[in-house]
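**Student:** Going down the list, the sequences are from chains D and U. Read in order, the letters of the first sequence are residues 1 to 839 in the UniProt record's numbering. Read in order, the letters of the second sequence are residues 1 to 94 in the UniProt record's numbering.
One or more hints might be untrue.
[Said to hold, decoys possible] Distance ranges between label pairs, derived from CB positions:
no. : chain 1 : residue 1 : chain 2 : residue 2 : range
1   : U       : Leu90     : D       : Ala716    : 47 to 55 Å
2   : U       : Ala21     : D       : Asp402    : 29 to 37 Å
3   : U       : Leu20     : D       : Val703    : 24 to 32 Å
4   : U       : Leu90     : D       : Pro173    : 41 to 49 Å
5   : U       : Ala21     : D       : Pro533    : 49 to 57 Å
6   : U       : Leu44     : D       : Val473    : 43 to 51 Å
7   : D       : Ala723    : U       : Leu20     : 30 to 38 Å
8   : D       : Phe396    : U       : Leu52     : 50 to 58 Å
9   : D       : Thr756    : U       : Leu75     : 30 to 38 Å
Hints were generated in silico from the structure; no laboratory data involved. Note that the Cβ used here is the ideal one computed from N, Cα and C, for glycine as well.
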Amino acid sequence: MKSETGFDHALYDRFPTKEARPNGEVEELERIWCAPRGWQYLTVVNNNYVGVYYLGTAFLFFLLAGALALLMRVQLAAPLLEILPQGTYNQVFTMHGTVMMFLFAVPAVEAAGVLLLPQMLAARDLPFPRLSAYAFWAYAVGGLCFFASLFIGLAPDGGWFMYPPLTSKAYSPGINTDFWLLGIGFIEISAIAGAIEIIVGVLRTRAPNMSLDRMPIFAWAMLVFAGMIIIAFPSVILATLLLEIERAFNWPFFDATRGGDPVLWQHLFWFFGHPEVYIIFLPAAGMLSMIVASVSRAELVGYRLIVLAMLATGFISFGVWAHHMFAIGMPPMSNGFFSAASMAVSVPAGIQVFSWIATIAVGRRSFSTPALFVIGSLLVFVTGGLTGVMVAMVPFDWQAHDSYFIVAHLHYVLIGGMVFPLFAAFYYWIPMVSKRALSERLGRWIFALMFIGMNIAFMPMHLAGLMGMPRRVYTYLPDRGWDLPNLISTFGAFVLAAGVLLFVIDLIRNFRPAPAEGNAGNVYGGGTLEWLPSALYSTRSIPVIHSREPLWDQPGICDDVAAGRYFLPRSATGKRETIVTSPLLAEPQYLQIMPGPSVWPFAAAIFTAGFFLALTVQAYVFGVASGVFATLATLRWLWETDRPVKEKSVDIGAGIRVPTYVTGPSSHGWWAMIVLIVVMGMIFLMAIFSLLYLMGNQRDYWVEPPDVADGVAVYALHVTAIASAMLSRPVLGRSAAGAALLLGAAVVSTGWASWTDWGGWRAILAPQDSGQAATVHALLALHAALVAIGLLMAGFVGAKAAAGALARPRSNTVDLAALFISYAALQGFAGSLIARLAG
Amino acid sequence: MKGGWFLLLGGLIIWAAHFLALYVIGEALGLIGPARLAIVALTLIALAANILIVRSALRITLDTDFDRWRRSTILTQAFLSAVAIVWQSLPALL
Numbered sequence: 001m002k003s004e005t006g007f008d009h010a011l012y013d014r015f016p017t018k019e020a021r022p023n024g025e026v027e028e029l030e031r032i033w034c035a036p037r038g039w040q041y042l043t044v045v046n047n048n049y050v051g052v053y054y055l056g057t058a059f060l061f062f063l064l065a066g067a068l069a070l071l072m073r074v075q076l077a078a079p080l081l082e083i084l085p086q087g088t089y090n091q092v093f094t095m096h097g098t099v100m101m102f103l104f105a106v107p108a109v110e111a112a113g114v115l116l117l118p119q120m121l122a123a124r125d126l127p128f129p130r131l132s133a134y135a136f137w138a139y140a141v142g143g144l145c146f147f148a149s150l151f152i153g154l155a156p157d158g159g160w161f162m163y164p165p166l167t168s169k170a171y172s173p174g175i176n177t178d179f180w181l182l183g184i185g186f187i188e189i190s191a192i193a194g195a196i197e198i199i200v201g202v203l204r205t206r207a208p209n210m211s212l213d214r215m216p217i218f219a220w221a222m223l224v225f226a227g228m229i230i231i232a233f234p235s236v237i238l239a240t241l242l243l244e245i246e247r248a249f250n251w252p253f254f255d256a257t258r259g260g261d262p263v264l265w266q267h268l269f270w271f272f273g274h275p276e277v278y279i280i281f282l283p284a285a286g287m288l289s290m291i292v293a294s295v296s297r298a299e300l301v302g303y304r305l306i307v308l309a310m311l312a313t314g315f316i317s318f319g320v321w322a323h324h325m326f327a328i329g330m331p332p333m334s335n336g337f338f339s340a341a342s343m344a345v346s347v348p349a350g351i352q353v354f355s356w357i358a359t360i361a362v363g364r365r366s367f368s369t370p371a372l373f374v375i376g377s378l379l380v381f382v383t384g385g386l387t388g389v390m391v392a393m394v395p396f397d398w399q400a401h402d403s404y405f406i407v408a409h410l411h412y413v414l415i416g417g418m419v420f421p422l423f424a425a426f427y428y429w430i431p432m433v434s435k436r437a438l439s440e441r442l443g444r445w446i447f448a449l450m451f452i453g454m455n456i457a458f459m460p461m462h463l464a465g466l467m468g469m470p471r472r473v474y475t476y477l478p479d480r481g482w483d484l485p486n487l488i489s490t491f492g493a494f495v496l497a498a499g500v501l502l503f504v505i506d507l508i509r510n511f512r513p514a515p516a517e518g519n520a521g522n523v524y525g526g527g528t529l530e531w532l533p534s535a536l537y538s539t540r541s542i543p544v545i546h547s548r549e550p551l552w553d554q555p556g557i558c559d560d561v562a563a564g565r566y567f568l569p570r571s572a573t574g575k576r577e578t579i580v581t582s583p584l585l586a587e588p589q590y591l592q593i594m595p596g597p598s599v600w601p602f603a604a605a606i607f608t609a610g611f612f613l614a615l616t617v618q619a620y621v622f623g624v625a626s627g628v629f630a631t632l633a634t635l636r637w638l639w640e641t642d643r644p645v646k647e648k649s650v651d652i653g654a655g656i657r658v659p660t661y662v663t664g665p666s667s668h669g670w671w672a673m674i675v676l677i678v679v680m681g682m683i684f685l686m687a688i689f690s691l692l693y694l695m696g697n698q699r700d701y702w703v704e705p706p707d708v709a710d711g712v713a714v715y716a717l718h719v720t721a722i723a724s725a726m727l728s729r730p731v732l733g734r735s736a737a738g739a740a741l742l743l744g745a746a747v748v749s750t751g752w753a754s755w756t757d758w759g760g761w762r763a764i765l766a767p768q769d770s771g772q773a774a775t776v777h778a779l780l781a782l783h784a785a786l787v788a789i790g791l792l793m794a795g796f797v798g799a800k801a802a803a804g805a806l807a808r809p810r811s812n813t814v815d816l817a818a819l820f821i822s823y824a825a826l827q828g829f830a831g832s833l834i835a836r837l838a839g
Numbered sequence: 001m002k003g004g005w006f007l008l009l010g011g012l013i014i015w016a017a018h019f020l021a022l023y024v025i026g027e028a029l030g031l032i033g034p035a036r037l038a039i040v041a042l043t044l045i046a047l048a049a050n051i052l053i054v055r056s057a058l059r060i061t062l063d064t065d066f067d068r069w070r071r072s073t074i075l076t077q078a079f080l081s082a083v084a085i086v087w088q089s090l091p092a093l094l
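Work out the full structure: start from the sequences and follow the hints.
**Tutor:** Structure (structure tokens):
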């Protein structure tokens, strides 16, 4: 057997072990992973709790955004109604879209990952539980405050896509737009934090021997999903940042009269916005694949093809962003490329649909509630997919663009591709987290109402759109033939809402989450590891698995796991811990000591949300104070992590020993930093794209940049910074203070380079002068932000060195700071060079 | 694991690079003769890169289930990537 890390696979034959386990091991696990009490519910970090909080909050936003949809439907039930004034209607439709996309859809699937993945992979928890808690609280507090803007008439009103020039200061002078631009800042941070957690969790904390080909399809879906988030979200982060800077400081990124371009916003927004659809769809598809196999009691047909389809969707979805822009006058050849890609992306979706149909066909027929939602999802999603192929054709899109046909199409795709699968998942997985399963009888009624209501609501919108009804209008004139389709749609919306209301009643009657007190069990006979007997510490022992459905193929696995006959049947160090495995073959590599509950992630999240919201309402003093407190809370939280470990290696079962502390590219922290660097790299790349785009489209406003050769000193300082940061790693063995000083010197060097560069640019351009000037200054500002964070990191390393809290001769804290600062210098170097070359 | 992730995702990475290049050409040059020639050349290069991926995949020894899964995934992906690359080029070539 080939090995990825040198681990001998013959060692797996020692499991399940035969000898009896000593008394007291379970009690110790229960003590270490104890349930919270009172205020501790706010500081809890276990995925069992955070996942439920997360999913519950996302569902609350679904209900709130659904209520907004009903308001819109009442307003549109008949022509010339005045139930919602025009301005309020604009706020309501903007908030409906924004809340559904940013506060419900993405967080809901991310929450499902946080809740399900550790159990599905048989890890004790995801590798950064405090990060999950931080992501949740930032999202929940910020999201609720953001939603509350509706009640004071300050909700954003420019549509969920916020196109300038409508959203520029000239046409949207109030702070409504700022609420959107800054208000979703914390959601972006939260989504990226969750994505880092999921990528590292899926790749590094799987059950031993769960090689990639044995990974549950949901884990594959979440991996691709998280990968897409770190590629797509930076684009919208940059876009919102630029538009907010334009509004606040008059830097003309999107002002065509001063060398900016509003179409640039559309590129940046849709480079995020279209993959967003697949970001939402893929996890739901993963859920469907798991549920279809279980309820049909059959192995999923075409596992390999589904994995391939998910990967292909992840890639191709980044080649379709401009199909939202067919009507803006792009070059015909570009339209052709994006049209072709938009048709091609339906192929992987089709592969998955056919696979599900085949699995249902070869398996046992089931009409349980999850099965009904699966079938409903297939029908609705395929309908939406077909109209998607229609609008992928440029001439048709020109006719249907901005009409109700598009509203119908996107709701079929999103409800079929995400909402119905999520309801299937609720019924399927709630027995895992609740002492009682949901009602099958009510579930069938709920499905019927939702399925029928959904079709009554949205099918007529196709016709209304083809008859010419535009989107986003608050009312319409009679005698255009739109009255009847709109009345029917309103009726259907209320039928759909009745189904959701009945679901809420079912939840109130039956949902009893109690992670420490057992669950309703494997009601639908699933074969994957989340159905192993579990408690707050996840499973008693971590099994070696030999197939994709171990519960079907490995008889006795449940009893053996519960009896502690596999890996890590006890706490080896007396702390929270899990096994870190290799990414391809899941070979055990080391024991990760995990952080426990803490108030600091909670505090950091509250102040992060406070920072963004205070800036929005222009309470700058409070905003700055919140930012400072958020930073301090984060540093305090990190202070407790990455401590030297007393035991160098421990027995994790059957005499197999692994180290307790690993640094460098094998460590999970290194992986997380690499993912974060990808995020920062994407923000930088999109900024470079912006510069080149404006250079290509606004030549009249372009000035000759400083000469490339003039920047030699700047480049040399950046290179020195990289060398200094990387040197800190080997120096740590000899002197902790020396390592900290080298990191500090690296930050000063790259910061000085940026300052010098800025001086050169300032002599020829002020940021308000043109799109080019604004973008170059934005590049410098992005680098300045990295320098500021690098300075904090170097100071943190210095403080840890002074306190003797750095592990030596190698330390993850130093490694990660060195990586970050090196990246910052590299970005500074590249930015400086490209800005000079872009002439 | 020689090649690792790059080989596993090779076909898709080639497709993505090809698409990005097409977009840049489409935006920068439009529908002029040299653009078409550049697209033909790019498409041939991308297809050749896919052939290299296939060659590497065929060298994987099939000792385990994982090897078999990995090889078949790479090969299927390379095939789909080749089809997608040709499809993606058609708007410029027709």
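**Student:** Name the hints, by number, that the structure is in violation of.
**Tutor:** Violated: hints 8 and 9.
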